[in-house]
Amino acid sequence: KAGVTQTPRYLIKTRGQQVTLSCSPISGHRSVSWYQQTPGQGLQFLFEYFSETQRNKGNFPGRFSGRQFSNSRSEMNVSTLELGDSALYLCASWENYGELFFGEGSRLTVL
Amino acid sequence: AQTVTQSQPEMSVQEAETVTLSCTYDTSESDYYLFWYKQPPSRQMILVIRQEAYKQQNATENRFSVNFQKAAKSFSLKISDSQLGDAAMYFCAYRSALNTDKLIFGTGTRLQVFP
Chain A
485 KAGVTQTPRY
495 LIKTRGQQVT
505 LSCSPISGHR
515 SVSWYQQTPG
525 QGLQFLFEYF
535 SETQRNKGNF
545 PGRFSGRQFS
555 NSRSEMNVST
565 LELGDSALYL
575 CASWENYGEL
585 FFGEGSRLTV
595 L
Chain B
42 AQTVTQSQPE
52 MSVQEAETVT
62 LSCTYDTSES
72 DYYLFWYKQP
82 PSRQMILVIR
92 QEAYKQQNAT
102 ENRFSVNFQK
112 AAKSFSLKIS
122 DSQLGDAAMY
132 FCAYRSALNT
142 DKLIFGTGTR
152 LQVFP
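Protein chains in written order, with the working numbering: chain A, 485 to 595; chain B, 42 to 156.
Heads up, a few of these hints could be off.
If you only want the chain A side, here are some residues facing chain B, beta carbon under 7 Å, derived [claimed, not checked]: (1) SER515; (2) SER517; (3) GLY526; (4) LEU527; (5) GLU532; (6) ASN540; (7) TRP578.
I should point out that these hints are in silico values taken from the structure, not numbers from a laboratory. Small disclaimer: the values here were computed from a predicted structure and weren't measured. All C-beta atoms, glycine included, are put in the ideal place defined by N, C-alpha and C.
Using the sequences and the accompanying hints, generate a full structural model.
Encoded structure:
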């Protein structure tokens, strides 16, 4: 099986812009979750989706949003980018309480 | 709210030696899962070992084993016969047994392995 695929791997944006990150889970996995990783805050949970429904949301402002499609692929969007949004965004998928598999991440730099 | 604490920002070990990484957590739940994840430089996070809270027996995966002390809320990782490829960031993580895949991570321990 192919692993969790995240695109793009690297991107540079400027303040005020918006960005959309994509995550394709492992085939058969219906649950997708997103994490933000920064040197200062570490790994923080953003949100999780199961069968197109947001099941849980972390403590992030409304500028951060996500969705999941019927094929389980997920996107997250960050609007009105701030310098502090620079981070590695990790996506993970799992199936029925099994192991959580992570993608390689999308590294966002906001200038 | 649950929290996970890793008090060792950095650790080092010589090849073939044994090292133990510490992790403590706080929760009011009785059923949960604990994990150790490894994140090599510029590479993806991979699962090292997992422990179900209802299991008293400590989990073991080849050279990796845990010391799970539920009452003390402690979950340390022991790496035996350390190899150069073990050098990475190690994260301890907690997940509720409720219907969620949300992981709560510690701040990580950077492990260096010297030849």
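Status of the hints after comparison with the structure:
no., hint, in the structure
1, SER515, "holds (5 Å)"
2, SER517, "holds (5 Å)"
3, GLY526, "holds (5 Å)"
4, LEU527, "holds (4 Å)"
5, GLU532, "holds (6 Å)"
6, ASN540, "holds (5 Å)"
7, TRP578, "holds (5 Å)"
Going down the numbered hints, you'll see the structure goes against none, and every one checks out.
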